[in-house]
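Visitor: If you want the building blocks of each chain, they are given just below.
There are 2 protein chains.
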Amino acid sequence: MQTLESLGYTVFFEENLSSLEDFIFQRQYSQILILVDRNTNDHCLPVLQAAMPSITDYDIIEIDPGEENKNIDFCIGVWKTMLDFGADRKALMINLGGGVVTDMGGFAASTFKRGIDFIQIPTTLLSQVDASVGGKTGIDLDNVKNIIGTFTQPQAVFISAKFLATLDERQIRSGFAEVIKHGLIQDRNFYEKCKDVELDTIETSMIKRSVEIKNDVILKDPTEQGLRKILNFGHTIGHAIEGYSLSNDRNPLLHGEAIAIGMICEGFLSYKLNGLSEVELEDLTTLFLARYSPYTYTSDQYDGFIEIMKNDKKNEDNKIGFALLKEIGNAEYNIYVDKNDIVEALDYYLSKTK
Amino acid sequence: MQTLESLGYTVFFEENLSSLEDFIFQRQYSQILILVDRNTNDHCLPVLQAAMPSITDYDIIEIDPGEENKNIDFCIGVWKTMLDFGADRKALMINLGGGVVTDMGGFAASTFKRGIDFIQIPTTLLSQVDASVGGKTGIDLDNVKNIIGTFTQPQAVFISAKFLATLDERQIRSGFAEVIKHGLIQDRNFYEKCKDVELDTIETSMIKRSVEIKNDVILKDPTEQGLRKILNFGHTIGHAIEGYSLSNDRNPLLHGEAIAIGMICEGFLSYKLNGLSEVELEDLTTLFLARYSPYTYTSDQYDGFIEIMKNDKKNEDNKIGFALLKEIGNAEYNIYVDKNDIVEALDYYLSKTK
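Chains as they are written, first to last, in the numbering used here: chain C, 1 to 354; chain E, 1 to 354.
It should be emphasised that the hints constitute simulated quantities derived from the structure, not laboratory data.
Computed from a predicted structure; not experimentally measured.
Be careful, since some hints might not be right.
Cross-link-like lysine-lysine pairs, in silico, BS3-like; alpha carbons within 27 angstroms at most [as the list claims (entries may be wrong)]: (1) 80(E) x 80(C); (2) 319(C) x 90(E); (3) 326(C) x 352(C); (4) 319(C) x 272(C); (5) 220(C) x 162(C); (6) 272(E) x 208(E); (7) 272(E) x 195(E); (8) 339(C) x 319(C); (9) 326(C) x 193(C); (10) 162(E) x 195(E); (11) 310(E) x 80(C); (12) 220(C) x 326(C); (13) 319(E) x 310(C); (14) 354(C) x 272(C); (15) 339(C) x 220(C); (16) 339(C) x 326(C); (17) 193(E) x 208(E); (18) 90(E) x 220(C); (19) 220(E) x 90(C); (20) 208(C) x 272(C); (21) 80(E) x 90(C); (22) 90(C) x 339(E); (23) 319(E) x 80(C); (24) 220(E) x 193(E); (25) 162(C) x 195(C); (26) 193(E) x 339(C); (27) 310(C) x 90(E); (28) 193(C) x 208(C); (29) 339(E) x 310(E); (30) 310(E) x 272(E); (31) 354(E) x 272(E); (32) 220(C) x 193(C); (33) 195(C) x 272(C); (34) 90(C) x 352(E); (35) 339(E) x 80(C); (36) 339(C) x 80(E); (37) 326(E) x 352(E); (38) 80(E) x 319(C); (39) 352(E) x 272(E); (40) 208(E) x 195(E).
Given these sequences and hints, build the entire structure.
Guide: The following block contains the structure:
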């Protein structure tokens, strides 16, 4: 059995979720709620059911899939359904899905009756490597991502590579951006390995190493006072582009696709302001452009992007803070950047995709 | 200076909030937001301003007064205003008002950007004696009270009897029900003292003793695993009647008015099921009926009341749990009560008010 210890709970890496049933039985919950979206209801719930054959009494809460639904309206719907099912404080919520389900389900559980237990079963590569450790729950408000949320740890996380077979290639590609990020900020060898990975054969060991990198950072800084901010590499600009795309594009960018753009832009900032070599900037730019399709924006949109960045949680005193690379495998945080440099970074991405 | 130590923070009893300004300066906040309602904006904000003459740069967020507004819609409005003001993680929120402001402001602060600091300055007797310690934040949903919330401690609480002069007599009467409750559950002498109090001359020492009783209970059980449930005496039936009244009466019951009814009903349950003597039941019934006007309901409403009770946070495994008195000054918790007995208790109140 492969496990990692996080902040007071265990992350289980198990194809068949084989420890799950015992884990639940030992805790004597009054009731079990399973939060799914339409996709995980169809494709992942059977795996969960097979893993806990003796547990047949549970209620299903289904939400619509898609990042645009990770908002307060859907969250109110989840709370009301929990009320309708008569959930009490000893109920357990199992969040079975991608980041929308695990982030919103975690927030709903952490605030329902001032907090009930929840277990995260992330089913996308993105949520497995990104949302599975750290205790961040959250929803979006007015296109500002994760602006409402809590730091609340789950009781356990279960990660099965089996679920990846239910995803289309675009979703795996999106999640893989966070895998590459973990290499960029902490582990140059792991970054190099990422270059050769075929997206249809991602192994559990690669997922585990990615989670391990994130977990090591989190254990050193549970509430994002300092070090943990390096995990935001690519996310300041990436979130802004993602938020813009969500409200303007018919087929919006996925999280990882936006973060890949963000990492190219913030790679440029790392080169210009933080000592990243030109060779390394070229290296990561080439890697991302080879894996992710180009996205188009114009300089008219820059003010809108920067407005969203100002509302990003990482900022303090109205300056825009970034995590930037020193070199590949080594990141630093709390680097405050001028608007002009951000504009130059956004221009850099465009120049590379023309 | 009179203070109490609660869960990692201090409750200051100060007419002129004289420690407040230094307290804020020492913590170097990036920004100050003050949450008020229309009434506290007019009547209490000047006291706050006078207490921190050197702090002139702050933003005001105003909400509509009234328990019916302690809901998710207003909370979304508060979050959005915080966003508009560009609040970052090092911002401080000062909640200046009654329970609606302190409960909702505490919830908004504890979930904005996954949690910013907040100071509670309760301005009603009810919020001073009830909401000032314990770290409960919350809002109502679908008329179920405080169903969404967190356990989050403020940085400090400031209590000034000065604010009571801004209240009408009905509000003070409402808050006084919680003062009496603290005597009933923990301190018979204090309960006896409550009998003679004139509502227009409540002294700080009385408020402090009331908070102290609650604080002692909370320090022993911060997350309501056990003992703390005794604070819910009167609240299981009281909340149900309050919720009903909020959605049906043109001039709905105030919290304490509903809790007074709840304490008569649950006093009856204490007598019938938990050893409270008939003499003591009579004693508390007489006290509450002398101080609080009779309220009318009919047996048609009982099912609705019981439905709300089932959603109350105190319940587990779908049974309805109560805190009941053993004698005046001594309460017990986790007493599960049948529907028939609840009906009898509701009948008891009606029989006494006819």
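Visitor: Next step is simple, just say for each hint if it's right about the structure.
Guide: Here is how each hint holds up against the structure:
1. 80(E) x 80(C): Given pair residue 80(E), residue 80(C) holds - Cα atoms ~22 angstroms apart, limit 27 angstroms.
2. 319(C) x 90(E): 12 angstroms, holds
3. 326(C) x 352(C): Holds. Residue 326(C) to residue 352(C) sits at ~22 angstroms (cutoff 27 angstroms).
4. 319(C) x 272(C): Holds, because 18 angstroms separates the two Cα atoms, which is no more than 27 angstroms.
5. 220(C) x 162(C): 31 angstroms, violated
6. 272(E) x 208(E): 33 angstroms, violated
7. 272(E) x 195(E): OK: residue 272(E) and residue 195(E) at ~24 angstroms, within 27 angstroms.
8. 339(C) x 319(C): The given pair, whose Cα atoms are some 9 angstroms apart, holds under the 27 angstroms limit.
9. 326(C) x 193(C): Holds, because 20 angstroms separates the two Cα atoms, which is no more than 27 angstroms.
10. 162(E) x 195(E): 23 angstroms, holds
11. 310(E) x 80(C): 14 angstroms, holds
12. 220(C) x 326(C): With a Cα-Cα distance of about 20 angstroms, the restraint between residue 220(C) and residue 326(C) holds, given a limit of 27 angstroms.
13. 319(E) x 310(C): 48 angstroms, violated
14. 354(C) x 272(C): 21 angstroms, holds
15. 339(C) x 220(C): 31 angstroms, violated
16. 339(C) x 326(C): This hinted pair holds, its Cα atoms lying about 21 angstroms apart.
17. 193(E) x 208(E): 14 angstroms, holds
18. 90(E) x 220(C): 21 angstroms, holds
19. 220(E) x 90(C): Holds, at about 21 angstroms.
20. 208(C) x 272(C): 33 angstroms, violated
21. 80(E) x 90(C): 32 angstroms, violated
22. 90(C) x 339(E): 22 angstroms, holds
23. 319(E) x 80(C): With Cα atoms ~20 angstroms apart, residue 319(E) and residue 80(C) stay inside 27 angstroms; holds.
24. 220(E) x 193(E): 25 angstroms, holds
25. 162(C) x 195(C): Given that 27 angstroms is the threshold and the Cα spacing comes to 23 angstroms, the pair holds.
26. 193(E) x 339(C): With Cα atoms ~64 angstroms apart, residue 193(E) and residue 339(C) exceed 27 angstroms; violated.
27. 310(C) x 90(E): Between residue 310(C) and residue 90(E) the Cα gap is close to 14 angstroms, so the pair holds against 27 angstroms.
28. 193(C) x 208(C): 14 angstroms, holds
29. 339(E) x 310(E): Given that 27 angstroms is the threshold and the Cα spacing comes to 11 angstroms, the pair holds.
30. 310(E) x 272(E): Holds, at about 21 angstroms.
31. 354(E) x 272(E): Given pair residue 354(E), residue 272(E) holds - Cα atoms ~21 angstroms apart, limit 27 angstroms.
32. 220(C) x 193(C): The hint holds at about 25 angstroms.
33. 195(C) x 272(C): 24 angstroms, holds
34. 90(C) x 352(E): 37 angstroms, violated
35. 339(E) x 80(C): Holds, because 24 angstroms separates the two Cα atoms, which is no more than 27 angstroms.
36. 339(C) x 80(E): Judged against 27 angstroms, a Cα distance of about 24 angstroms means the pair holds.
37. 326(E) x 352(E): Holds, at about 22 angstroms.
38. 80(E) x 319(C): Between residue 80(E) and residue 319(C) the Cα gap is close to 20 angstroms, so the pair holds against 27 angstroms.
39. 352(E) x 272(E): Measuring from Cα to Cα gives roughly 16 angstroms; hence the hint holds.
40. 208(E) x 195(E): Measuring from Cα to Cα gives roughly 17 angstroms; hence the hint holds.
When the structure is compared with the earlier hints, violations turn up for hints 5, 6, 13, 15, 20, 21, 26 and 34 and for no others.
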